[in-house]
Amino acid sequence: MGVKTEELKVKGYERVVHRQCSSSGLNALIAIHSTALGPSCGGVRLLPYATHEEALQDVLRLARGMSYKSALAGIGFGGGKSVIVRDPAQKNKDLFHAMGEFVESLGGKYIAAKDMNISTEDLLRVRERTSHVLGIEGLPGSSGDPSPVTARGLFRALEATLEHLTGSHRMNGLRIALQGLGHVGFRLAEMAREAGAELIVTDIDKVAVEKAVKQLGAKAVAADAIYEVPCDIFSPCARGAVLNSETIPKLKCRAVVGAANNQLATEEDGFRLWNRGILYAPDFAVNAGGIINIFIEFENGTYDPKKALAKTDGIFTALKEIFERSKQSNRPAFLVADELAEERLSGGTR
Numbered sequence: 015m016g017v018k019t020e021e022l023k024v025k026g027y028e029r030v031v032h033r034q035c036s037s038s039g040l041n042a043l044i045a046i047h048s049t050a051l052g053p054s055c056g057g058v059r060l061l062p063y064a065t066h067e068e069a070l071q072d073v074l075r076l077a078r079g080m081s082y083k084s085a086l087a088g089i090g091f092g093g094g095k096s097v098i099v100r101d102p103a104q105k106n107k108d109l110f111h112a113m114g115e116f117v118e119s120l121g122g123k124y125i126a127a128k129d130m131n132i133s134t135e136d137l138l139r140v141r142e143r144t145s146h147v148l149g150i151e152g153l154p155g156s157s158g159d160p161s162p163v164t165a166r167g168l169f170r171a172l173e174a175t176l177e178h179l180t181g182s183h184r185m186n187g188l189r190i191a192l193q194g195l196g197h198v199g200f201r202l203a204e205m206a207r208e209a210g211a212e213l214i215v216t217d218i219d220k221v222a223v224e225k226a227v228k229q230l231g232a233k234a235v236a237a238d239a240i241y242e243v244p245c246d247i248f249s250p251c252a253r254g255a256v257l258n259s260e261t262i263p264k265l266k267c268r269a270v271v272g273a274a275n276n277q278l279a280t281e282e283d284g285f286r287l288w289n290r291g292i293l294y295a296p297d298f299a300v301n302a303g304g305i306i307n308i309f310i311e312f313e314n315g316t317y318d319p320k321k322a323l324a325k326t327d328g329i330f331t332a333l334k335e336i337f338e339r340s341k342q343s344n345r346p347a348f349l350v351a352d353e354l355a356e357e358r359l360s361g362g363t364r
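To convert, count from 1 in the sequence shown and add 14; that's the numbering used here.
If you are wondering where the hints come from, they were derived from the structure by calculation, not from laboratory data.
For clarity, every value in this text was computed on a predicted model and none was experimentally measured.
Check the hints yourself; a few may be wrong.
[Unchecked claim] Below are the DSS-like pairs computed for lysine-lysine, each with C-alpha atoms no more than 27 Å apart in a straight line:
{"#": "1", "residue 1": "321", "residue 2": "264"}
{"#": "2", "residue 1": "107", "residue 2": "123"}
{"#": "3", "residue 1": "123", "residue 2": "105"}
{"#": "4", "residue 1": "266", "residue 2": "220"}
{"#": "5", "residue 1": "123", "residue 2": "25"}
{"#": "6", "residue 1": "341", "residue 2": "320"}
{"#": "7", "residue 1": "266", "residue 2": "228"}
{"#": "8", "residue 1": "233", "residue 2": "264"}
{"#": "9", "residue 1": "220", "residue 2": "334"}
{"#": "10", "residue 1": "123", "residue 2": "225"}
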């Protein structure tokens, strides 16, 4: 079969495993950052990484982020992630069967879910070789598409941010510059508009933009112009690393609250926002609705949407604690969020 499995020793991680399978073409990494609060859970990502080192750094960063996200969300998951080094155009059944066997070999310490370039069909093939898979759309009892719950968490994060800034979370007259109108971004736009907010939007999908303009009365701007829109809240809900040395000086907002992953290009950019007096709601606290959604399925053995939404409302409380600690210690919220997550992980408590 030609299977080669290698344990990689990485400081601060419980396990990092590399597996290659010549017959299926599998070249994958699974990183388990922590199981202090429960089994690690994180999506399977498929990308044609240029080098092994690039794939390794990505899976390590993502696994650590999942630990922090779950810890702040107060759920019984640890942090894990997996990546498959492959051109998405070369996906096949054998590849995902081999991935399922890889997941199974970790004995439930890592639970797989959907991530970039992974379809429901791909995940079902993984599940044919392991039971340690969650969040499969269309499967009875499964949580499926997390975007409605993620959007709910984003809205609650927006309310927490407003309350910290103004003492009230009322949105009448609030101006939101929204970057990205996918499933999460558009749902946020709907909720914010219903609450009385004004919307300025951009997206590469012109149909989504036209829909927001017609249905929600949004104002559309060009992709690059979104950073310079005078607004109360800038909400990045598309790609990562959009907060960087080029974009941050352009921002004309009071706070950043968005669902995109890894919004800060570097840690230095977190300080750039802080030095400009722009409140940053840490993305891994804001967008935890997805992992909460999956945890409800895991905890109950079947999915309960009401429990998922109720648990997601806790994002409001989590952000309030982060902002208050930030204010009291006079340190950026992104540093405080990291420290709070580490406290929970080291203490083994939710």
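Structure-based check of each hint:
Pair hint residue 321 plus residue 264 does not hold up; C-alpha atoms about 40 Å apart against a cutoff of 27 Å. Only pairs whose Cα atoms come within 27 Å are accepted, and residue 107 paired with residue 123 is accepted, the gap being roughly 24 Å. Taking the CA atoms of residue 123 and residue 105, the gap is near 25 Å; set against the 27 Å cutoff, the hint holds. Straight-line distance between C-alpha atoms of residue 266 and residue 220 comes to about 24 Å, which keeps the hinted pair within the 27 Å bound.
The straight-line distance between the Cα atoms of residue 123 and residue 25 is roughly 18 Å, inside the 27 Å bound, and the hint therefore holds. For the suggested pair residue 341 and residue 320, the alpha carbons sit about 33 Å apart, so the restraint of at most 27 Å is broken. As the CA atoms of residue 266 and residue 228 are separated by approximately 26 Å, the hinted pair is consistent with the 27 Å bound. For the suggested pair residue 233 and residue 264, the alpha carbons sit about 19 Å apart, so the restraint of at most 27 Å is met.
For a cut-off of 27 Å, the pair hint linking residue 220 to residue 334 is broken: about 35 Å separates their Cα positions. As the CA atoms of residue 123 and residue 225 are separated by approximately 43 Å, the hinted pair breaks the 27 Å bound.
Checked against the numbered hints given earlier, the structure breaks hints 1, 6, 9 and 10 and satisfies all the rest.
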